[in-house]
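Residue-level listing of the chains:
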Amino acid sequence: MSRSRFAAGLAALALLLLAAPFAGLVLATDWRHFGFAHGDGGAVAVSLGLSLVALGLIVALGTPLAWWLARHRVRGQWLVDALLLLALLTPPLAMGLLLAAMYGPYGPAGSLLERAGLVLTNSAPAFVMAQFYAALPYYVLAARAAFESVPRELEQIALTLGHSPARCFFRVSLPLAKLGLAAAVALAWVRALGEFGVVLIVAYYPQGIPVKLWTNLQDIGLSAVYPLLWVFFLVALPLPLALGLAVRRRLA
Amino acid sequence: MRIDYRIARPIELSASFEVEGFTVLLGASGEGKSLLLRAIAGLLPAQGEPYGGLPPQRRAVGYLPQGHTLFPHLRAWQNVAFALSGPHRRDEAMTWLQRVGLADLAERWPAQLSGGQQQRVALARALARRPQLLLLDEPTSALDPATRDDVLAELVAEVHAVGIPTLAVSHDPALAAMADRLVLMHGRRIVQTGRPLDVHAQPASGAVARLLGLRNVFRGRLAGTAGSQHLIWPEAGVSLPVKTTLADGTAVDWHIAPEAIRLQHGGTVPAGTIMAGVELPQRSAYGQYAGLRCGQARLWADLSSCHAAETVRLSLPWPSIRCWPA
Chain A
0 MSRSRFAAGL AALALLLLAA PFAGLVLATD WRHFGFAHGD GGAVAVSLGL SLVALGLIVA
60 LGTPLAWWLA RHRVRGQWLV DALLLLALLT PPLAMGLLLA AMYGPYGPAG SLLERAGLVL
120 TNSAPAFVMA QFYAALPYYV LAARAAFESV PRELEQIALT LGHSPARCFF RVSLPLAKLG
180 LAAAVALAWV RALGEFGVVL IVAYYPQGIP VKLWTNLQDI GLSAVYPLLW VFFLVALPLP
240 LALGLAVRRR LA
Chain B
0 MRIDYRIARP IELSASFEVE GFTVLLGASG EGKSLLLRAI AGLLPAQGEP YGGLPPQRRA
60 VGYLPQGHTL FPHLRAWQNV AFALSGPHRR DEAMTWLQRV GLADLAERWP AQLSGGQQQR
120 VALARALARR PQLLLLDEPT SALDPATRDD VLAELVAEVH AVGIPTLAVS HDPALAAMAD
180 RLVLMHGRRI VQTGRPLDVH AQPASGAVAR LLGLRNVFRG RLAGTAGSQH LIWPEAGVSL
240 PVKTTLADGT AVDWHIAPEA IRLQHGGTVP AGTIMAGVEL PQRSAYGQYA GLRCGQARLW
300 ADLSSCHAAE TVRLSLPWPS IRCWPA
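Listed in order, the protein sequences are those of chains A and B. So that you can map any letter, position 213 of the first sequence is 212 in numbering that gives the first Met the number 0, and since no number is skipped, the others follow by simple counting. So that you can map any letter, position 282 of the second sequence is 281 in numbering that gives the first Met the number 0, and since no number is skipped, the others follow by simple counting.
These are calculated hints, taken from the structure and not from any lab test. Remember, it's a predicted structure, so these values are computed and weren't measured experimentally. For each residue, glycine too, the CB sits at the ideal point set by N, CA and C. It is possible that part of the hints are untrue.
To be verified - Computed footprint of chain A on chain B, listed as stretches where at least three residues anywhere in the stretch have a Cβ under 8 Å from a Cβ of chain A: (1) 172–178; (2) 227–239; (3) 242–250.
Said to hold, decoys possible - Not the full set, but computed from the structure, chain A residues with beta-carbon under 10 Å of chain B: (4) Glu152; (5) Arg166; (6) Val171; (7) Leu175.
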């Protein structure tokens, strides 16, 4: 009894600590002069629109990779694991610099792509690229765990029932990994939307919300940061919250 | 249908035998029976016929792994319809469910079905694929002991009704008792095949006798020559008179049926009489046995009148003792 009360106390403390900064936000916001800076609307549109594109790319490319990693054991697999960890480990600012070195106007890939008409510096594609790199490793790791939780035997039964491997994937693996994949999508979304460091280097323009918060702070002050932050929460939260609730409901 | 398969990994195994009607491949755990089924289904790299080299989705087999493994995200009828296509797949699935007697439970999720019901749904799903060969992995493992025999009898009857050759692998003698044909595996080799009646009448070795679930299979050694031959039973520390054609010193597996063991009364003590303590009386629907302690060994005998902790004198008549070279 007392032990469970102790655990509950610790849990309450953790929640309190989590809530503290946001309580601060409620107190610090100047509700009587609540207003937006010039360009805030554009930043919201950029963040939402381009994050959705990035999320689409992450799911389209990350899902096959995650499935492959979950289902195949090959020699040198530790290299793949190391690569994923490296992408997670690299500080965002450094990742931005590395991307600029590769895809910037003087980078080996950047100069080639620029000739083909794809500019990966301070452009919408650059913004998407920055978010893609920031969130892809999180998605792949979470999605791999989701696929690993699907009993292999069920996939094999589906094969013996006469379906091609591709149909088995869509009719068995994907539905059974659904809950874990939803969590992976939610994770990728919050990672992509909140990304600041990578975006700052390769896609200062078009300004998304995180960079706009920074410029608002520099140009105007805190009074211009809080209103945009409220809007950021309002637009960013519904997708991961709904996905998370759906997962909880299915598990219960 | 002739099965002829060779597996190299994870263990080396080769098996060649005939499947007719309901065939049971009986073997101890760890013999690679499940691997053999997976190889035939194309889920494990192997060489052999039928279906050699084809991917699993092109092999006309119905594979029921251990635990039956229905798709948990699909209702019973959707599981059966999994292998079906076209506008009538629901009706077709319902027909198969009706055949296995579960049409009423079509809308249930797998988690809402009992082990036996899940097995029947899995059977319907495998049959709906219209296989040429059914593969059942330990079909008795997930069944409730009380209803097991009925569920199995129904399974065998259904397999006979659809007329598809079926290979079931198991270590369960109760399943073997229902087979049309038995294939016995020991030491990763097929050691005997035949009708259950013939196999029971003439087990080819002590290992086969153990697989068939016979009680009282022991190790021993022969001593002496024809005429005055004895079976030395080291576990019990006794020797028994026997008559065999085996040579002096041969290590043997030997067996005596519990029904053949006689209780000795009175003063005269014939050769080969042994002393035993009554350990536990066992009474079940199938009969009445006593577990007897002879030295280190446990001997089962069909004794109706004995009490726990009593010491009894037994005779093991030599014509009932069967010896196989070990």
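Against the structure, the hints come out as follows:
1. 172–178: violated (count 0)
2. 227–239: Not satisfied, violated; 0 residues make the cut.
3. 242–250: violated (count 0)
4. Glu152: Constraint on Glu152/A satisfied, holds at 5 Å.
5. Arg166: holds (9 Å)
6. Val171: With Cβ-Cβ at 6 Å, under 10 Å, it holds.
7. Leu175: OK, holds: Leu175/A within 10 Å of chain B, min 6 Å.
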